[in-house]
Amino acid sequence: MSIARTRSYEDVVIAHAPALLRLAVMLAGNRADAEDLLQSTLLRAARHGDRVAGMGAPAAYLRRVMLNEHTSNGRRSRRRVATVESVQSAEATVASGADAFDERDEAWRWLATLKPQQRSVLVLRYYEDLPDVEIAALLGCAEATVRSHALRGLTALRGRLTTHRRGSEWT
Amino acid sequence: MTDRWTDDELQALLSETFASRESLADPETAQTLAASVPALGRPKQHRWPTYVAAATAVVAIAGIGAYAVTQADTETPVGNPSPSSSRATSPPLTRPSHPPQRTYAENRAAAAAESARVVELAPLPASAVGLDRRPDGWPVDYGMSLGPSDGTLTRTAWWSVPLGADTLESYLLAHHPQGLRREDGVGGGAVGIRDVNYDQAGSPDPEAFTGVSLLVQWREVDGRSLVRVDTYLAARAVRTMDTYIDETVTAVDIEQVSSGFERDGGGPLPTVHLSEPEDHARIARLVETVNGLHASTRPVPMGSCPYPGNPRPSVTVTFHTTSDEIVLHLELSCWGQVSVQRDGRLVVPTLDPAGFYPAVEKAAHAL
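Residue numbers (the numbering used here), protein chains in the order written: chain A, 1 to 171; chain B, 1 to 367.
Chain B with its partners taken away, still in its complex shape (with noise of 0.2 angstroms):
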């Protein structure tokens, strides 16, 4: 083995890993485990009481921090509402008034300006001085991407700073780009590069453009600190009016293959089949989810194609309306996208599927 671990090999450890502490879990202590829970699922029971008092007290120390933030997506029991309810609050089934009207290389253009801007944000002490190439010290051949992303969108500029690494990482920490966020801390490499990035909240031009990432590097040399920031974004291409759904939507079909846990099976789930007017409510979120999606970036990003798992686990919605069946296609691997078809016809382009498969999901499992 050399030094340098490649990311096929650290994969590879990593579910060599996993695999090799799997005797930790037995099977017949988890099933002891899960018979001793299940009474609470029936509320007649007169232990209920008791029981509830317990989920309470998991409840009420689980609810610390931001639970609340997941919990709505994963719980919370939500009712078929009535036709009559849901129709009053349901979004219309209607096809934006505006559609977008810029093409992908005013789109490419203003991704580029907002590079541009955002690169220049790196959050540096005053005594940070610009460089206008990669500095001796630096590895030529150390490089790191955040994707998907265009690399021609990509912005790099070099800095030195006077701190040590250490102090110039505490500055890093104490200081936020205006406008981004950092979720995660300091990030080390294998040859003394720290690193840590910042991404906007969201796009200031979301049909234009991704969020930006500003990803700050640096690395000590004899005292000072050389700095390398990047961004990386992606522009989107155009949706045409094709891709929208504007007609009545008299029914929905909902076709899903789990990759689920390979060792426990997965494939094809039951087709869930939603109609009007008993299903109004949730066909509609469906509806505004799809007008709501972006096009895709260009380029279309790709990503440990093909799945290696088996079966490829995939979403079919089929939107039966009045005039046309519309079949949105995504399949949940290589950052894939999601197709949509006309009476059968490929439309253009993808869509972004940020969004579409919790949505599908809460449509099918009535979450």
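Chain A on its own, in the form it takes in the complex (with noise of 0.2 angstroms):
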């Protein structure tokens, strides 16, 4: 098998960077964060560039960097206390605009309490609108592993979701 290869890493990498960053926004939660991830995402990817630029599919593998990344920076950052000022400021950076409860507001402040994997379920169902198998293909877990996150996932937030609403109508 030959794989043309006219295009260099840097070509790929220029490419898919916007793709790679909303997704790097999705997973990390804050631009800065973001930012990090995929600068992160891009090194490790660069070992093999000249791989990475022969494949048919890059962006493929280049997401596949990125989930292993995330995952890793949060078991890294486990071990940091996360304190509601750094939840406050990632979310406040791009408000919804509504005055009153914003379910969305809600559901991203949500967001950033799970752990990376279930986030990273999420991300790809509801915002790639990946079906599970890639899903799980990506995450190098089991079908049953994503289905488990996402139920419970929804599970969680229609919870959280109708306890304030509640808390909201009441005061």
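Treat the hints with care, as some may be off.
Okay, the calculated bits of chain A under chain B, using three or more residues with CB under 8 angstroms as the criterion [to be verified]:
(1) 11 to 22
(2) 28 to 38
(3) 50 to 64
(4) 139 to 151
Just a sample of chain B residues kept apart from chain A, beta carbon distances all over 12 angstroms, derived [said to hold, decoys possible]:
(5) T103
(6) V140
(7) R155
(8) H176
(9) T210
(10) D352
(11) A364
These are computed hints drawn from the structure, not numbers from a lab. Values in this document were obtained by computation on a predicted structure and should not be read as measured data. For every residue, glycine included, the Cβ atom is placed at its ideal position computed from N, Cα and C.
Build the complex: two chains, separate frames, hints provided.
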């Protein structure tokens, strides 16, 4: 098999960087961490730059590297203390514009509380619209794990929204 | 909006939430960041030692924990081994010498027996008292399911535990059912019901049924916890010999339709052609993967169908053999199954896709 290699690694990553940064934002939850995630992803992938440049679908490979980086970052950051300020500043960067209770803001805050793999599942399912089998392949886990994360996510989000809505109605 | 959000509403909300944050990703910033990195891909440049140091630092940091679990799948640069060396280590391209002889009914019976065994494994304290039916205080319409599974194989048990919900949660997190593992923490629903699930690391009889998931749910009522325990699994069809590849394979064509990032396009990827003897190792691994797949579960799981995206992602692998043309096709959606055709004739059963798609990706991209 031969693959024509007419692109450089630089061509590939520049072409895909905007989409990768969007994915990074969804995974990391804020601009600064997302840009760090993008950089570490590209640096790691650059170790096999020629191979990546020759791939038929380099975006899939780069996504996978980013998801691994995200999971690893999450493992590292779990040892840090997540302050209320850091969560608030992350979600406040782009507010929904609504004055009252906004479910999207609440969902974004809730997403910040998830473990990396569960957040990855929700991002890939509901942002990237990927089917479970692809998500499982990207994350290196079983499809059952993907479905479990998604199911638990929806259940937890339902509970959180219900609680907050009741709270907002009562005040 | 009512208090009770539907799954569709929640899914739509998550999609809207993510979309509303896209503006955090500035395309120009992304491209600037990308342009600052790629020199590493050219090891002949004089800046290489500096970048190696930086990359090493990243790897050292990222190496904490279980990174190695997924690293091999994503970036291990496996070169094309020489035909002679690969032949020495490749698995033989033969069908199993001992094909399964059981029937689907026997597989179901084995699955039911395992389900009945596992439902008794919930790690409850000795003070738990078994109940013979759903107790008062447990919502009638509240239910969860872990799929894909066959509801007729689910076994349910009810318990009453003289512990509050928090205490029981601590107990459950500290105890594991024998032979099962917990990958997640405790989940929570809107009606005060908490849950935790445990999964078998693998099915004890993988040709007969899937591994069992054990779901434990509990709710505090009057200082006690009401507990519901359910098992989820599915029996497998029996794989027929026509679904195995035992002929001498001369070439393989891999066709993929990528969903990719819809906003960035997607669609058919260039066909990858593998041929003997140059690509023997990759062909052998693909054949080994196909012959190692299990038959589909019954009922064939369906969910989220039809796939809402366009194009519909799929994988088609054509094995050219000395006697037949065998085509395996997988729609990467709807929890799809791998269909098998021999010379245009569909053979049964379909196959469980676990492991198929990653193997095809590796073969196609020489990963």
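Evaluated hints:
1. 11 to 22: holds (count 9)
2. 28 to 38: Since 5 is at least three, the answer is holds.
3. 50 to 64: holds (count 11)
4. 139 to 151: holds (count 10)
5. T103: 26 angstroms, holds
6. V140: Given a closest Cβ separation of 18 angstroms, the condition holds.
7. R155: 18 angstroms, holds
8. H176: Fine: 17 angstroms to the nearest Cβ keeps B/H176 off the interface.
9. T210: 8 angstroms, violated
10. D352: Answer for B/D352: violated, closest chain A Cβ roughly 10 angstroms.
11. A364: With a cut-off of 12 angstroms, B/A364 comes too close to chain A, as the shortest Cβ separation is near 7 angstroms.
Checked against the numbered hints listed earlier, the structure breaks hints 9, 10, 11; every other hint is satisfied.
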